[in-house]
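In the order they appear, the protein sequences are chains A and B.
Residue numbers for the first sequence follow our numbering, so the first one is 20 and each next one is one higher.
Residue numbers for the second sequence follow our numbering, so the first one is 23 and each next one is one higher.
Because the hints were derived from the structure by calculation, they are not lab data.
In this text, all values refer to a predicted model and were calculated from it rather than measured experimentally.
Please note that a few of the clues may not be correct.
Said to hold, decoys possible - Listed next, the stretches of chain A that the computed footprint assigns to chain B, with coverage defined by at least 3 CB atoms under 8 Å from CB atoms of chain B:
hint : segment
1    : 119-125
2    : 194-208
3    : 240-248
To be verified - Heads up, simulated BS3-like pairs for lysine-lysine below, C-alpha to C-alpha not over 25 Å straight-line:
hint : chain 1 : residue 1 : chain 2 : residue 2
4    : A       : Lys298    : A       : Lys308
5    : B       : Lys117    : B       : Lys99
6    : B       : Lys157    : A       : Lys183
7    : B       : Lys110    : A       : Lys249
8    : A       : Lys249    : B       : Lys275
9    : B       : Lys155    : B       : Lys117
10   : B       : Lys159    : A       : Lys248
11   : B       : Lys265    : A       : Lys248
12   : A       : Lys183    : B       : Lys109
13   : B       : Lys160    : A       : Lys249
14   : B       : Lys229    : B       : Lys257
15   : A       : Lys105    : B       : Lys275
16   : B       : Lys109    : B       : Lys125
17   : B       : Lys275    : B       : Lys109
18   : B       : Lys99     : A       : Lys100
19   : A       : Lys249    : B       : Lys159
20   : B       : Lys157    : A       : Lys248
21   : A       : Lys49     : B       : Lys157
22   : A       : Lys248    : B       : Lys160
23   : A       : Lys105    : B       : Lys99
24   : A       : Lys249    : A       : Lys308
25   : B       : Lys265    : B       : Lys275
26   : A       : Lys183    : B       : Lys125
27   : A       : Lys183    : B       : Lys175
28   : A       : Lys298    : B       : Lys175
29   : B       : Lys155    : A       : Lys249
30   : B       : Lys275    : A       : Lys183
The beta-carbon is built from N, C-alpha and C at its ideal position, and this holds for glycine as well.
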Amino acid sequence: MNSAQIEIQIIASLVAVACAIPGTFLVLRKMAMISDAISHSILPGIVIGFFITHDLNSPLLILLAALAGIITVVLVEYIQKTGLVKEDTAIGLVFPALFSIGVIMIAKNANDVHLDVDAVLLGELAFAPFDRLLIAGVNVGPKSLWIIGTILIITITLLIAFFKELKVSTFDAGLAASLGFSPAIMHYGLMSVSSVTTVGAFDAVGAILVVALMIAPAATAYLLTTNLKKMLALAIIFGIFSAISGYWLAHWLDASIAGSITTMLGLLFLAVYLFAPSKGIIAVLYREKQQRTEVSLLTFLLHLKNHNEEEERHVNHLNEHINWQKVRSKTVLDLALKNNMISIENSIVSLTEKGDDFTSQAIDYIITNEDAKIEHMKDDFFLFRG
Amino acid sequence: MEKELKKNIRDSNSIYKTPASAGVIAVQVDDLTVAYNYKPVLWDIDLEIPEGVLMAIVGPNGAGKSTLIKAILGILKPIAGSVSIYKKPYEEQRKLVAYVPQKGSVDWDFPTTALDVVMMGTYGSLGWIKRPKQKEKKAALEALEKVGMLAFKNRQISQLSGGQQQRIFLARALVQNASIYFMDEPFQGVDATTEIAIINILKELRKAGKTVIVVHHDLQTVPEYFDWVTFLNVKKIATGPVKDIFNDDNLTKTYGINYKVSIQE
Chain A
20 MNSAQIEIQI
30 IASLVAVACA
40 IPGTFLVLRK
50 MAMISDAISH
60 SILPGIVIGF
70 FITHDLNSPL
80 LILLAALAGI
90 ITVVLVEYIQ
100 KTGLVKEDTA
110 IGLVFPALFS
120 IGVIMIAKNA
130 NDVHLDVDAV
140 LLGELAFAPF
150 DRLLIAGVNV
160 GPKSLWIIGT
170 ILIITITLLI
180 AFFKELKVST
190 FDAGLAASLG
200 FSPAIMHYGL
210 MSVSSVTTVG
220 AFDAVGAILV
230 VALMIAPAAT
240 AYLLTTNLKK
250 MLALAIIFGI
260 FSAISGYWLA
270 HWLDASIAGS
280 ITTMLGLLFL
290 AVYLFAPSKG
300 IIAVLYREKQ
310 QRTEVSLLTF
320 LLHLKNHNEE
330 EERHVNHLNE
340 HINWQKVRSK
350 TVLDLALKNN
360 MISIENSIVS
370 LTEKGDDFTS
380 QAIDYIITNE
390 DAKIEHMKDD
400 FFLFRG
Chain B
23 MEKELKKNIR
33 DSNSIYKTPA
43 SAGVIAVQVD
53 DLTVAYNYKP
63 VLWDIDLEIP
73 EGVLMAIVGP
83 NGAGKSTLIK
93 AILGILKPIA
103 GSVSIYKKPY
113 EEQRKLVAYV
123 PQKGSVDWDF
133 PTTALDVVMM
143 GTYGSLGWIK
153 RPKQKEKKAA
163 LEALEKVGML
173 AFKNRQISQL
183 SGGQQQRIFL
193 ARALVQNASI
203 YFMDEPFQGV
213 DATTEIAIIN
223 ILKELRKAGK
233 TVIVVHHDLQ
243 TVPEYFDWVT
253 FLNVKKIATG
263 PVKDIFNDDN
273 LTKTYGINYK
283 VSIQE
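Taking the hints into account, I'd like the entire structure generated from these sequences.
In structure tokens, the structure reads:
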């Protein structure tokens, strides 16, 4: 690895972390699409800033772009508040309008400079190491490293300082307001951080992919944990993992770095979506299958409890009486035997004491929905897990 | 006069008082009008809630019951009128007030535990930036115990039943150790056991001299649960002791149809 490669990976990782933090809260606030809107509509801010400073990395440009981001959010909320259109429609109206203003401004005025639509949409991480920051003539590293590093430090400081406020206003805005933590301040604070981060990441990954870096790591982490701090940590780890593995994927394929990072994010999400222990698709399907079996088991046990006649309890007649196919009755019979809920003598099935207790409790639970008594059963049976 | 008032505020914070004693007004609402998109949902409300009552706010859907609570708590901005808590604006009295929103107003899939939600009740007294410590955790655990949910403290909140979620919300209000409690439909979607548990806690709060204001739907239980009632339907219809004003006349005025409830004495 040469130093340019290392620098690119560090920049990509810092961008990923800086995006994952506000992204986690955007996902929890169901505002993922707002990040899409911001990432596009900051373009006119960038273009105007560029005309004034002729420097893509100028702080003024970042401020103007962040301002454009805030204007987007305000406009979306204003249109939505009129009650004439829904939020998603308002988003769809605002950001293309602002974005197209930016596109026209570039086409009219910036044809001969290196600000073109491709770079804006996709970014160019590979060139980041060429643009150095010189302090008093000394080369201190790539400019984008300094920019995203500064943004990241500010983001982390704000996150640590206002973690509790962010959490309560995200979970319960009404409570936050009544406690004196203005949800509006937290909302616009988060929007400002998202806008500034988007601008900082823009140069590296472009308008489209910055959305992926904000949303995908958080969405992936959400499937794996029920703890906000862990969700943040996982989102950060997934972001860094995708940034570095994406870089090497691009290296290997000789393709766009930003595109490869996003591909990795997508693959990572897919893997977790399939294999996550409790919310993953496979786990859900398995649980549903278990539940079906357990409902069958309960039905079967209840049948035994309700019937004393021997003919109703004969192994060979069970199929007809409960109207099941042979395979299913066999599975249920085995399950009940394995759990010592029934005994079979001379082909006549009877409930054991344990089976009888279990059935009574289960029926109690289903009828009264009284939780406390069967807490212990929840661990044995999926059915009672709500 | 001023001095006496201050003393009353202090007393109500710490010492048990007899209900509705000495006619101290806990919450005063003057000429309050709230509108959504210029359509008034609450119209010129005047309301005095005496200290130490357990009060139901009743009225049909869309009567503005939740809106009234939200306006008192500064969550919604009224277009006219004012609210005071012990003679001062709400902003200065936040710490005297606890709020239980409707259960459906939050996302129960939020990645957090029961204990953590209850801890949120301590955030108000902590103020900005400061983090909850051992003391706050201890208070939250005590509140969980009071609502019978200690065993569930580490359970993710989506794994709780509706009744359990409501108890968590109640515990979160208890941990605020306030003088006035506002609750928005705490009995909605809870099982009978939880309903009894909640009303017992509310009655205990009242006994301890706290003022409890509850948006309530089930008219049958009003005389049994509450000692004070406000009828609301965009305008205030009536307010006062249940035994004096909870009658067919006021119910008919509020709900617009002939209402007959048999009040068991």
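Comparing the hints with the structure gives:
Judged by the Cβ-Cβ criterion of 8 Å, the segment 119-125 of chain A is not covered by chain B as claimed, because only 0 of its residues qualify and three are needed. For the segment 194-208 of chain A, the stated coverage by chain B is satisfied: 6 residues place a CB nearer than 8 Å to a CB of that chain, which reaches the threshold of 3. For the segment 240-248 of chain A, the assignment as covered by chain B holds, since 5 residues bring a beta-carbon within under 8 Å of that chain's beta-carbons and 3 suffice. For a cut-off of 25 Å, the pair hint linking Lys298/A to Lys308/A stands: about 15 Å separates their Cα positions.
For the hint pairing Lys117/B with Lys99/B, the CA-to-CA distance comes to about 20 Å; that is within 25 Å, so the pair holds. For the hint pairing Lys157/B with Lys183/A, the CA-to-CA distance comes to about 16 Å; that is within 25 Å, so the pair holds. Between the alpha carbons of Lys110/B and Lys249/A the distance comes to roughly 42 Å, so the proposed pair goes past 25 Å and is violated. Between Lys249/A and Lys275/B, the direct Cα distance comes to roughly 54 Å. Violation of the 25 Å bound is thereby established for this hinted pair.
About 18 Å separates the Cα atoms of Lys155/B and Lys117/B, which keeps this hinted pair within 25 Å; it holds. With a C-alpha separation of about 17 Å, the suggested pair Lys159/B and Lys248/A falls inside the 25 Å cut-off, and the hint holds. Distance hint between Lys265/B and Lys248/A is unfulfilled; the C-alpha atoms sit about 51 Å from each other, more than 25 Å. Only pairs whose Cα atoms come within 25 Å are accepted, and Lys183/A paired with Lys109/B is rejected, the gap being roughly 31 Å.
Distance hint between Lys160/B and Lys249/A is fulfilled; the C-alpha atoms sit about 23 Å from each other, no more than 25 Å. Proximity of Lys229/B to Lys257/B is assessed by CA-CA distance (about 30 Å); at most 25 Å being required, the pair is judged violated. Annotation: proposed proximity of Lys105/A to Lys275/B is violated, straight-line Cα distance about 36 Å (limit 25 Å). A C-alpha spacing of about 30 Å is found between Lys109/B and Lys125/B, which places the hinted pair above 25 Å, so the restraint is violated.
Between the alpha carbons of Lys275/B and Lys109/B the distance comes to roughly 31 Å, so the proposed pair goes past 25 Å and is violated. Distance hint between Lys99/B and Lys100/A is fulfilled; the C-alpha atoms sit about 15 Å from each other, no more than 25 Å. Under the criterion of a C-alpha separation no larger than 25 Å, the hint pairing Lys249/A with Lys159/B is consistent with the structure, at around 20 Å. Restraint check: the Cα-Cα separation between Lys157/B and Lys248/A comes to about 21 Å, which is no more than 25 Å; the hinted pair holds.
Among the hinted pairs, Lys49/A with Lys157/B is inconsistent with the structure: their alpha-carbon atoms are about 33 Å apart, more than 25 Å. At most 25 Å may separate the alpha-carbon atoms for a hinted pair to count; Lys248/A and Lys160/B meet this at roughly 21 Å. For a cut-off of 25 Å, the pair hint linking Lys105/A to Lys99/B stands: about 23 Å separates their Cα positions. At most 25 Å may separate the alpha-carbon atoms for a hinted pair to count; Lys249/A and Lys308/A exceed this at roughly 30 Å.
The hinted pair formed by Lys265/B and Lys275/B meets the criterion: a straight-line CA distance of about 17 Å does not exceed 25 Å. Taking the CA atoms of Lys183/A and Lys125/B, the gap is near 21 Å; set against the 25 Å cutoff, the hint holds. Distance hint between Lys183/A and Lys175/B is fulfilled; the C-alpha atoms sit about 19 Å from each other, no more than 25 Å. A distance of roughly 21 Å separates the Cα atoms of Lys298/A and Lys175/B; the hinted pair therefore holds under the 25 Å criterion.
Distance check on the hinted pair: Lys155/B and Lys249/A sit about 19 Å apart at the alpha-carbon level, within 25 Å; holds. Distance check on the hinted pair: Lys275/B and Lys183/A sit about 46 Å apart at the alpha-carbon level, beyond 25 Å; violated.
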